[in-house]
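Undergrad: Generate coordinates for the entire structure from the input sequences, incorporating the hints supplied.
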Amino acid sequence: MTWQSIQEATRSLEAIARDVAKVRQVELFRNRVRGGRGYLRIENPLENSVFEADTLTCSHCGTIVILNKERKRARNWCRHCNCYVCDRPGCNIDCNPQLQGVELALKYAGTDKAGQPFLPRGYDGSVLFDTRLRDKERVY
Amino acid sequence: MATFATAANGWTPIAHADAASALASNSYHAVRTETTSTLKVTDIIIGGEATSSTVNRMSLRRLSTNGATPTDQTCAAMNPLSQAALANFYVAATTGPTIASTVHLGMFSMNAFGGVVRWVPPPGEEVWITAATAPNGELVLDSISGIGVVSTSLMFEEV
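Protein chains in written order, with my numbering: chain V, 1 to 140; chain U, 1 to 159.
Interface residues of chain U toward chain V, partial, derived using beta-carbon atoms under 10 Å:
1) D18
2) T35
3) K40
4) S53
5) L60
6) R62
7) S64
8) G106
9) N111
10) G115
11) R118
12) A131
13) A134
14) G137
Here are some chain V residues pointing at chain U (derived, C-beta under 8 Å):
15) P45
16) T55
17) L56
18) R121
Sample of chain U residues lacking proximity to chain V, with all beta carbon distances greater than 12 Å (derived):
19) T12
20) S21
21) A24
22) S27
23) A76
24) A77
25) M78
26) S82
Hints in this document: simulated from the structure, not taken from any laboratory.
Note that this is a predicted model, so its numbers are computed, not measured.
Ideal placement from N, C-alpha and C gives every residue a C-beta, glycine not left out.
TA: Below, the structure is given as structure tokens:
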């Protein structure tokens, strides 16, 4: 086997690995949007009934959303954090993920900013903390 | 990461509106983090134990004021090899917590006469709390309306 053939074989293996990674990414994305969801089950033994539904969690406000199978409108997706977001207007205006709130809360723990509502959101999904703290950390 | 279970057995909810303050002991199930801990909720189970049909509207919400001097209970490790959890849970405090007037994280309606609710998020879609300080550091599972007796379990992963 020549050095050149080894290099060619390596290159084709790398190409296959890239393709596999791309397919996995697409599958992951599809699962998150269409299939890979949370699970809610409510049993009512009196009526012998079981309600089962998929759920999604809003990446921004953290609300658990029970999915309506009859819904025709498209669901919302944040292109910044690449996650599902609920219908609340505040969750669709800007990207303020729950995890960013966790990071800020940890960063400012023990300071005078520790009481800032980094994780809760207003009823309309709007952020409640001083956004200047967020903007200092923001990379996009 | 280590996962832990918290359980509050056979408690009678009180209908708490948003901003309800100084919640009475044994009318809620709260989970609290420490300054250095962060957790994400991975499972909620509510089992109804009422003796007649009662609709309970159970809710998972954040707190605007943490409970003062809570009676901490130890969270049970799901894996016996886990280190002890930093977080604790409580159902009683010298002064009960105050519920935040913010979005409700989860609403679970059920018939407390034997009804059962279970919610499990997929990986990456959990509800987070961190760093102890209100309103970021605690969660409460309680009733918005309905007072049928329930038992509740809340599982979390500490990160």
